[in-house]
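S.K.: Residues per chain are reported as follows:
Protein chains: 2
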Amino acid sequence: MFLLKNIIVGQSGGPTAVINASLYGVIQEGQKHTGEINTIYGMRNGIEGFLKENVVNLSSLSEEELTLIKTTPAAYLGSCRYKLPEDLSDAVYPKLFQLFTKLEIQCFLYIGGNDSMDTVSKLSRYAKSVQSTICFIGIPKTIDNDLILTDHTPGYGSAAKFVAATVREISTDAGIYDKESVTIIEIMGRHAGWLTAASVLSRTDKMANPLFIYLPETAFDTETFLSDLKAAFTHTKNIVVCISEGIRDAAGTFICEYSHSVSVDTFGHKMLAGAGQYLEKLVKEKLSVKVRSIELNVTQRCSSAWLSATDINEAISAGSIGVQAALEGNSGKMIAFVRDSNTPYQLSYAGVDVNKVCNREKKVPLEWISENGTDLEPAFIEYCLPLIQGAPEVPTENGLPKFAFI
Amino acid sequence: MFLLKNIIVGQSGGPTAVINASLYGVIQEGQKHTGEINTIYGMRNGIEGFLKENVVNLSSLSEEELTLIKTTPAAYLGSCRYKLPEDLSDAVYPKLFQLFTKLEIQCFLYIGGNDSMDTVSKLSRYAKSVQSTICFIGIPKTIDNDLILTDHTPGYGSAAKFVAATVREISTDAGIYDKESVTIIEIMGRHAGWLTAASVLSRTDKMANPLFIYLPETAFDTETFLSDLKAAFTHTKNIVVCISEGIRDAAGTFICEYSHSVSVDTFGHKMLAGAGQYLEKLVKEKLSVKVRSIELNVTQRCSSAWLSATDINEAISAGSIGVQAALEGNSGKMIAFVRDSNTPYQLSYAGVDVNKVCNREKKVPLEWISENGTDLEPAFIEYCLPLIQGAPEVPTENGLPKFAFI
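One line per chain: the protein sequences are A and B, in this order. Just add 147 to wherever you are in the first sequence, counting from 1, and you've got my numbering. Just add 147 to wherever you are in the second sequence, counting from 1, and you've got my numbering.
Keep in mind that the hints were calculated from the coordinates and are not lab data. In this text the structure is predicted, and so the values were computed from the model without any measurement. Mixed in with the good hints there might be a few duds.
Identical copies carry no separate label here, and so any pair may be met within one copy or between two of them.
Unchecked claim - Here are the simulated lysine-lysine pairs, DSSO-like style, with alpha carbons at most 27 Å apart:
id : residue 1 : residue 2
1  : Lys353    : Lys199
2  : Lys431    : Lys377
3  : Lys509    : Lys428
4  : Lys428    : Lys503
5  : Lys275    : Lys549
6  : Lys326    : Lys433
7  : Lys249    : Lys431
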């Protein structure tokens, strides 16, 4: 007898502007397989909400609601930061699988970053250990672009586009007074500088800012920084500097740690804030020029203003290909992006071993960073530029973006 | 003998997203009057650059460059914060008028806010005192919307739209975790809460955030704030609060002054920062919940992402009507907006006495603020909503907004 399958999808970790586009891809693909899929469930607040049986039925979402979901930032289903125990003999695993059985789940799709892939890895390994046939698939998502075994991640393109456009706007703003000034823009990126690197795209043939770009991949030296600024003032009046929140010195100490104590999140990551503020004070004290620090803050991950159509479309594809992979019986895989060609930009999709992805980080290659650590090489621009192309239509109402809410 | 006139235009004060649209309006209108106008000059960095004879010829700007100028944020000509002496017998006045004579200037148009209208006022009064026939016209510009004798100011609509859209995005982002949280968004507005008030437009029938909105017009009480948050947690998990940078307590002390010393700008205005950061620390300490403060910072005044077509078009009209007014021999006037009707929204333009405008501030009427000082009344929404309508096309190149640079 042929049994209809139920699938469940969840979102986990920090928001991106296109995490809901992947959800859209999952639901849309799921709805196509009426012969194979019975119900498409969504877990509220990821695996944490699922443990409380907080589940919604997504099968019958209207076309109108689905269209809104596609360009709604953050996580439509809600998210969580919940780490499953390392020990697969922990009681939470049989509890989860009882709930899967209760809902007759055959395919489990989890949209998230590094920590979410850890969840997919553990669940797929536990499934194997108990001979469960449930398939667990990870759909990548992170503005940080730091997942390995994939050319890039959904969410990065739109965040990179937001950073590049916003740094260009701020640089335009910073240049209006005939008075020396330094503007420091702090961009998200704890250990990998992918997002900060995108600020190089802000430059035009008539605007050299941001003049300096600092990533966590190379050591930041405050003395060199100050002398570089001084030297730059001989030819430039208004200097814009972009820094990753996670820049650190040669000893490995985060620059922000010189001014703030840092706290630790549930995954043990240091919660950073304030490298920009620290450098603002330093420049003011040492160079006595007008200085301002700007934190792009959460808007860089949740803005619908500078969505990349390329990013949205790839996020949708990752979701739909994830469903196909699960229906074909694959498990313990993450949907990865393979760049077949740069000019013209062409992408294909592959399933990679999620166990190899989780708990590892892909950094910006050192050969893409200038030798003095203050700029990016053309190879990075070639890599990044295709990812920010195109602008999807965002539905509006009364002049403002219209979003979907559960 | 009929003499051709030269006109000069300058920009002054803080940037807005549409100050260049007014410049576009001035140039476009000037180019139409080929029989009356010989050369359209632009002063670099306002009156301060003009004193250094830093002047450019704008007469022959190409249609392509003009189109770019229209949606370029910040000040294409550069800006200044330069206060002319109160004493009209100061030597700077004859010096300026010698320069006007040298360039055969007949019309002087100055695009700016309160302090720029002060410049127009002084120059027009000095002109009168020396029987000069040069006409001085002010074109309003400020995201603060705090100029009197005008329904609103160019720049406000686009900034209000940016605030409303961005607060909606941040609220969507803030709501994803199943865990109590407070997000405090600090919005520009030293003495008037117009821009912060626009955050009320972020709400939807499915999203009640921002739950609390505090303007400088009413006294902020930290104890009431904390007890309001506590009460709100009984029905809402993720609370978004919007505050003006200039909120103050009943004694008139800026809230930010409780954590920071404040510095003073060249006009004697207090330079504020940190009300959001102060409240973040307070909430963390007193309520022990997850809390984050976000400063929208300069992006709210220079973003081309959420430009209002209404705002752009009115800014252009203000510029072109300014040229017409000057050519007709008016002086000492600011181009003001008169709202003839709200439904449908209809606007007309008038010249008002610039001497009455400068050095005064229009605040949000108290009857538009809820009695408890945490919300806006429907009358404000009716006022603000027409100003954010429509989206102009922003030229792009390689996926990013393309701007004009001198």
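S.K.: The structure should be examined with respect to each hint, and the outcome stated for every one.
M.R.: Taking the hints in turn, this is what the structure says about them:
1. Taking CA atoms no more than 27 Å apart as the test, lysine 353 paired with lysine 199 passes between copies only; the shortest distance there is 23 Å, against 56 Å inside one copy.
2. Taking the shortest Cα distances, lysine 431 and lysine 377 sit within 27 Å of each other inside one copy (12 Å), while across copies they are farther apart (39 Å).
3. Proximity of lysine 509 and lysine 428 under a CA criterion of 27 Å is satisfied in neither setting, with 32 Å inside one chain copy and 34 Å between copies.
4. Neither within a single protomer nor between protomers do lysine 428 and lysine 503 lie at most 27 Å apart by alpha-carbon distance, with minima of 42 Å and 40 Å respectively.
5. Taking the closest pair of Cα atoms, lysine 275 and lysine 549 never come within 27 Å of each other, the shortest separation being 43 Å inside a single copy and 53 Å across copies.
6. Proximity of lysine 326 to lysine 433 under the C-alpha cut-off of 27 Å is restricted to the intra-copy arrangement: shortest distance 17 Å within a copy versus 42 Å between copies.
7. Within a single copy, lysine 249 and lysine 431 get their C-alpha atoms no closer than 62 Å, and across copies no closer than 40 Å, so neither meets the 27 Å cut-off.
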